[in-house]
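Below, each chain spelled out in residue letters.
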Amino acid sequence: MNTLPRSTELIAAPLRPSPGPEPLIAFREVSKSFARRGEGGSVRALDKVSFGVERGDVFGIIGRSGAGKSTLIRLINGLERASAGRIVVDGHEITRLSERALTGPRRKIGMIFQHFNLLSSRTAFGNVALPLEIAGRSKAEIEARVRPLLQLVGLSDKHDRYPAELSGGQKQRVGIARALATEPTVLLCDEATSALDPETTASILALLADVNRRLGVTIVIITHEIPVIQAICNRVAVLEAGRIVEQGPVLDVFLKPAHPTTESFVRSVTGLELPPGLADAIESRPVPGGRAILQIVFTGPNATTPILSRLTTVVGVDINILAGRVGTIGGVPFGALLVAVPEDEVARSAVLGALSLLKQEAKVVGYVA
Amino acid sequence: MSLSIVWLIVYATIDTLYMVAISAALGTLLGLPLGIFLATSRRGELFAAPAFNRIAGAIVNATRSTPFIILVVAIIPFTRLVAGTSIGTTAAMVPLTIAATPFIARIIEAAIREVDHGLIEAARSMGATPLQIVLKVLVPEAMPAIALGLTLAVVSLLGYSAMVGAVGGGGLGDLGIRYGYQRFMPDVMAAVVIVLIALVQGVQTLGDWLARRLNKRAPQGAPEFQSLDSKEF
Chain A
6 MNTLPRSTEL
16 IAAPLRPSPG
26 PEPLIAFREV
36 SKSFARRGEG
46 GSVRALDKVS
56 FGVERGDVFG
66 IIGRSGAGKS
76 TLIRLINGLE
86 RASAGRIVVD
96 GHEITRLSER
106 ALTGPRRKIG
116 MIFQHFNLLS
126 SRTAFGNVAL
136 PLEIAGRSKA
146 EIEARVRPLL
156 QLVGLSDKHD
166 RYPAELSGGQ
176 KQRVGIARAL
186 ATEPTVLLCD
196 EATSALDPET
206 TASILALLAD
216 VNRRLGVTIV
226 IITHEIPVIQ
236 AICNRVAVLE
246 AGRIVEQGPV
256 LDVFLKPAHP
266 TTESFVRSVT
276 GLELPPGLAD
286 AIESRPVPGG
296 RAILQIVFTG
306 PNATTPILSR
316 LTTVVGVDIN
326 ILAGRVGTIG
336 GVPFGALLVA
346 VPEDEVARSA
356 VLGALSLLKQ
366 EAKVVGYVA
Chain B
22 MSLSIVWLIV
32 YATIDTLYMV
42 AISAALGTLL
52 GLPLGIFLAT
62 SRRGELFAAP
72 AFNRIAGAIV
82 NATRSTPFII
92 LVVAIIPFTR
102 LVAGTSIGTT
112 AAMVPLTIAA
122 TPFIARIIEA
132 AIREVDHGLI
142 EAARSMGATP
152 LQIVLKVLVP
162 EAMPAIALGL
172 TLAVVSLLGY
182 SAMVGAVGGG
192 GLGDLGIRYG
202 YQRFMPDVMA
212 AVVIVLIALV
222 QGVQTLGDWL
232 ARRLNKRAPQ
242 GAPEFQSLDS
252 KEF
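Keeping their order, the protein sequence lines are chains A and B. All the letters of the first sequence, read from the start, carry residue numbers 6 to 374 under the numbering used here. All the letters of the second sequence, read from the start, carry residue numbers 22 to 254 under the numbering used here.
Hints listed in this document are in silico derivations from the structure and should not be mistaken for laboratory results. Relax, there's no trap hidden among the hints.
Reference listing, derived: stretches of chain B covered by chain A, where coverage requires no fewer than 3 residues with Cβ under 8 Å from a Cβ of chain A:
1) 132-146
2) 149-157
3) 161-175
Backbone N, C-alpha and C fix where the C-beta goes; we use that ideal spot for every residue, glycine too.
Given the sequences, and given the hints that come with them, work out the whole structure.
Structure representation (structure tokens):
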């Protein structure tokens, strides 16, 4: 091989602006329209959607039914083809590959489904073996790969069971083992817990989080259930009528929702409501001799420190809790409280000042007599 | 009933079984790929070829709408070409196979269309080729319905095989017409009918058992699987 161009290239390389590391999954201005049956024209399911999923992310996409979630996730592995725009997954430009050329990349993109989509004619073992058979692996390889996978998902004693003999949660575990069989870099979850009860949902989500952590598999989840996002995602995008209206780190989006749709989604997690009597009595101007109502949001390590009692001792005001929520969002502890403090300028600023020193967010919601 | 008559019935039964078995086997051999093609070649499907799908569908319908006895007579030149003769048990297998093929194809088509579309999607997401989807997903998943459908086809072929007796086909139907009807031997006619009933019962029982064995959708032993006719509605 001639070495000259190579060395020039080496010298020239640092002079070129180096492009930032490509995200593992990149959507650029992706649109998808479906032809409308009979009456002609078309329905736009997705409209100029752009986002990136980094390696190791658990990326959630939330939206109501009909928002375009299913279409969006099917574009990632080419089950649906984009009408416009560019999709790159792990270096493969999905939008330019033919159905035949997609078979290779698809083996590196696992997928699980709301209704599991297991073959009823195959046992748990046979279902997990299917993608390996499709990839042309030998019998010995399949045997060596399927057993540890069933063990990973906690079904080592269910090899010979048919899907009809398994519970919903167990079926989804088989689905996960099957999706991981060909050692994918990405796992797509299409409403994977929507057909399961809350307890089973929690155990499946824990398994997915484990898969993400231990195997380093990047996960994309679409769902209409905010608890799913809350439980395991680190980034979230909100889909509304075919557009992404908001996206970012889960904690930011949950605590500072910018779009009404997002707000209505996260309300069930972070939203606080005043007790009925107070809600009617609330005023926007200070009431002399009354109380101020503050909303305080704690996150991170501070969420676990006894902030209120500290405030009481340090500032010396009485704090009355009206409503509150505590929990975790994407593994980060958080708390949200509505409290009432005596309305006098000094006390209120002392409280707010102390809170800002403690790095907590607080704002005055209103005043009551 | 004399001993020779009993032997006639035994030989006629063997002839019938022979005709039905061979034509059912050939019909399946031809009908299976045709049925798969019909089920997967509409617009947007695995082997999309809408024009060929319509042509194949039209041919299948034409064959199925021709009354069997007319089909037998109409294709006599073709039968002679294939079997060397147009009379006898072997010759009768030609029209039987030709009648069975489109029938079986439609049964296979219906069975494959019943397979949950989500399974095709799952297989595609694994990087399966269309042929792999057919062989590893569609056909295995449709097997219980295919078994029931083939049972139906064999039962129909038993009936058809009695008709080819009218054109010198041999078998139980031939025996019934020549001895039971033309020589006025009601005991032979009754024996033929009883043997046919027993054959149909036997085939149906065997088919039901096989379909139950193949069907893993319900816990073993439960009468969960719906037969083809109840699924139409």
